[in-house]
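**Q** Letter by letter, the chains look like this.
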Amino acid sequence: MNTFLFEMKESMMIALRAIRANKVRSILTMLGIIIGVTSVVVMTTAIKGIDNSFQNGISALGSDVLYIDKWAWFSNEDWWKMRNRKNLTMEDYEEFKNTAKLPLATAPVAGTRQTVKFEDRRTDAVNVNGSSADYVKTTNFTFAEGRFYTEIESKSSRQVAVLGSELAKNLFPRENAIDKSIKIGGVNYKVVGVLTEQGSFMLGSFNPDNQVFVPIGTIFKNFTSEVHGSITINVRAASPALLEDTKAEAEGVMRKIRGLTYSEENDFSINQQEGLMDNYNSIVGVIQIAGLFITGLSLFVGAIGIMNIMFVSVKERTKEIGLRKAIGAKRRTILGQFLLESSTICIMGGLVGLLFAILISMMVNQFIPTSIQYDAVIIAILISLLTGIIAGLAPAYSAAKMDPVEALRYE
Amino acid sequence: MNIINIEHIAKIYQVGSEEVHALRDVSLKIDKNEYVAIMGPSGSGKSTLMNMLGCLDTPTSGIYDFKGNSVSEMTDNQLAAIRNREIGFVFQTFNLLSRSDAIHNVELPLIYAGLAYAERRERAEESLIDVGLKDRMHHKPNELSGGQRQRVAIARALVTKPSIILADEPTGNLDSKTGEEIMILFNAIYEKGNTIILVTHEEYIAEHAARIIRIKDGLIEKDFPVENRYIPKPRAAAL
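Listed in order, the protein sequences are those of chains A and B.
The opening residue of the first sequence carries number 1 in this note's numbering; numbering runs sequentially from there.
The opening residue of the second sequence carries number 412 in this note's numbering; numbering runs sequentially from there.
Derived from the structure by calculation, the hints contain no laboratory data.
Computed from a predicted model, the values in this text were never measured in an experiment.
The reader is advised that the hints may include incorrect statements.
Below 25 Å or equal to it, Euclidean Cα-Cα: the simulated DSS-like pairs (lysine-lysine) are [what the hints assert, rightly or not]: (1) K440(B) to K603(B); (2) K315(A) to K603(B); (3) K155(A) to K221(A); (4) K319(A) to K440(B); (5) K155(A) to K97(A); (6) K9(A) to K48(A); (7) K117(A) to K169(A); (8) K644(B) to K603(B); (9) K9(A) to K545(B); (10) K644(B) to K545(B); (11) K97(A) to K86(A); (12) K23(A) to K551(B).
In silico negatives: residues of chain A with every beta carbon more than 10 Å from chain B [said to hold, decoys possible]: (13) K256; (14) K325; (15) L359.
By construction, the Cβ of each residue, glycine as well, lies at the ideal position given by its N, Cα and C atoms.
Turn these sequences into a full structure, and let the hints guide you.
**A** Structure, rendered in structure tokens:
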């Protein structure tokens with residue numbers, strides 16, 4: 001063991017001497033690995049960053065909330081079949097609310113998209129959600145200012161609104177929003193509350209912070225033509241552990257409301273966050289594999305560069321190898337020397353690549369939240385070490401098996 | 412006691428479909444503290460014999476015992492170990508590592524012998540002092556003259572305290588004055604009790620040795636002691 005460590009140390013010194021002796025060439029060779037490692041690490045962290053912000057965004061939906069809907073969010077069911085289902089109505093909601101025992105809270109939701117204005121400032125295509133006062137209980141909303149609308153305001157369909165944080169920032173960049181009169185699709189509403197920030201990352205058109213919440217009655221009254229007729233019933237379980245029970249109960253209650261017989265299929269869907277996750281994971285999985293494959297290619301090209309240079313280096317130092325063998329270097333000593341040389345070049349390149357990756361991710365951080373985890377550091381070092389060994393193997397072997405007589409005669 | 416005992420060795424190379432008999436039937440013994448010159452024209456098998464003696468190559472047939480151990484049966488690693496401990500090589504073209512200083516070149520065999528840094532450095536320094544390069548230890552080969560380079564190579568050959576020193580045309584790349592100085596150094600090394608095998612094709616270099624072996628067509632043509640060997644005298648200027 002001691003002699004092994006000794007040989008490693010001495011080979012390391014020899015390798016470092018060789019790298020120092022050919023600075024320019026070593027740096028050019030490193031470049032391939034630097035680019036490869038940088039792209040792999042940046043890609044990994046970017047994917048992780050997108051993933052994290054999606055998780056944050058989606059958690060705004062609540063993991064313990066069910067969404068009873070005419071439509072299934074993700075399913076292989078026939079679109080036409082779903083289209084022909086009966087609409088969910090406010091009567092369905094009332095009956096559900098009175099029958100179901102397990103939910104912590106239930107709320108009807110009807111949505112539309114409208115332009116929201118305050119004086120000369122405007123935001124287009126804002127999600128306008130109409131619901132009841134209980135809606136707030138199906139969420140984890142916290143308020144930056146004001147409050148949610150009350151049950152009285154909701155029941156009497158008062159023109160009051162609660163703004164998402166981004167929308168509030170756009171409309172009221174400097175002043176306080178409370179009690180201000182805004183126009184939603186041309187209709188006056190009074191602001192009673194502003195939410196704190198929910199999630200930061202946008203997925204498609206859904207941005208949890210660019211919404212406005214109003215009593216559901218005002219939606220039916222003001223935006224009848226835009227409302228498609230079917231509402232969603234948001235159901236919050238008393239705890240995540242009770243989600244499955246709540247779901248089973250909800251299914252039973254809905255079937256009863258709809259008067260379905262034993263043999264008939266559900267004519268409604270119960271959606272939950274999990275479905276969104278599954279769908280998301282399968283999409284990101286593909287991006288991940290494609291991304292890693294492409295960045296892996298650049299690493300592969302870097303590895304070929306290393307192998308090439310190592311072959312040149314072995315050829316160029318044929319005489320040196322002959323001499324080393326003549327004065328007592330064993331095959332494995334020569335093998336180790338060249339393997340160490342290529343892995344040292346690769347690890348140096350890997351560390352520089354890592355540094356670049358950290359800088360790049362700091363820059364990208366302005367747009368997509370990313371953070372280099374220390375596992376990325378370990379991966380980068382392992383990848384470069386492995387690349388060095390694999391790329392160095394063939395050249396090192398060709399050096400080790402040289403005949404000393406031939407090698408000494410080489411000019 | 413014999414250091415080298417060779418009996419009826421032959422070496423046959425396969426060049427394409429042709430067999431080349433580099434050595435046909437060679438027998439010789441070399442004792443401790445001999446000074447032997449091996450002579451012969453190119454193509455005589457002199458280089459093959461030298462590679463054989465230096466354990467760089469093994470014979471096709473015959474017996475080669477080095478200090479009683481059969482070289483013919485050794486593995487690559489065992490040959491490497493013998494070369495490292497028992498043989499000091501001096502080449503015509505010096506074969507120094509051009510990017511390393513003199514002392515690193517000299518300590519190289521000791522690295523492969525597994526010696527620790529401090530001891531290596533100490534012995535390399537001693538060896539360089541012995542060949543008269545006390546002030547040139549940290550010079551790189553391109554900062555040294557031809558004669559000084561060959562001295563570094565000789566210091567490298569001596570540093571492991573080998574049983575034989577094998578010098579292949581050591582003066583071939585030097586002018587005659589510098590060559591003379593190297594021969595003075597070899598003489599001093601011989602007089603300290605070392606065994607030297609000198610391979611050369613030049614008559615006047617061979618006459619420095621105490622015994623001459625002439626090779627021709629893969630056979631020993633002559634093997635005789637030198638009656639009045641030429642003992643080079645250090646000139647005042649050389650010192």
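**Q** Each hint: holds or not?
**A** We went through each hint and held it up to the structure:
Proposed proximity of K440(B) and K603(B) is supported: the alpha carbons are some 21 Å apart, at most 25 Å. A threshold of 25 Å between alpha carbons decides the hint, and for K315(A) with K603(B) the separation of about 40 Å lies outside it, so the pair is violated. With a C-alpha separation of about 13 Å, the suggested pair K155(A) and K221(A) falls inside the 25 Å cut-off, and the hint holds. For the hint linking K319(A) to K440(B), the alpha-carbon distance of about 31 Å lies beyond 25 Å, and the restraint is violated.
Annotation: proposed proximity of K155(A) to K97(A) holds, straight-line Cα distance about 15 Å (limit 25 Å). Of the pairs offered as hints, the one joining K9(A) and K48(A) is violated, with about 38 Å between alpha carbons and a cut-off of 25 Å exceeded. Annotation: proposed proximity of K117(A) to K169(A) holds, straight-line Cα distance about 12 Å (limit 25 Å). Between K644(B) and K603(B), the direct Cα distance comes to roughly 16 Å. Compliance with the 25 Å bound is thereby established for this hinted pair.
A hinted pair counts as satisfied when its Cα atoms are at most 25 Å apart, and K9(A) with K545(B) does not qualify at roughly 28 Å. The suggested pairing of K644(B) with K545(B) holds, with an alpha-carbon distance near 22 Å, which does not exceed 25 Å. Between the alpha carbons of K97(A) and K86(A) the distance comes to roughly 19 Å, so the proposed pair stays at or under 25 Å and holds. Using a Cα cut-off of 25 Å, the hinted pair K23(A) and K551(B) holds, with the two alpha carbons roughly 18 Å apart.
Residue-level check passed: K256(A) sits 86 Å from the nearest beta carbon of chain B, beyond 10 Å. With a least beta-carbon separation of about 7 Å from chain B, K325(A) fails to lie farther than 10 Å from that chain, contradicting its non-interface assignment. Every CB of chain B is more than 10 Å from the CB of L359(A) (nearest about 34 Å), matching its label as outside the interface.
Consistency with the previously given hints fails for numbers 2, 4, 6, 9 and 14, ordered from lowest to highest.
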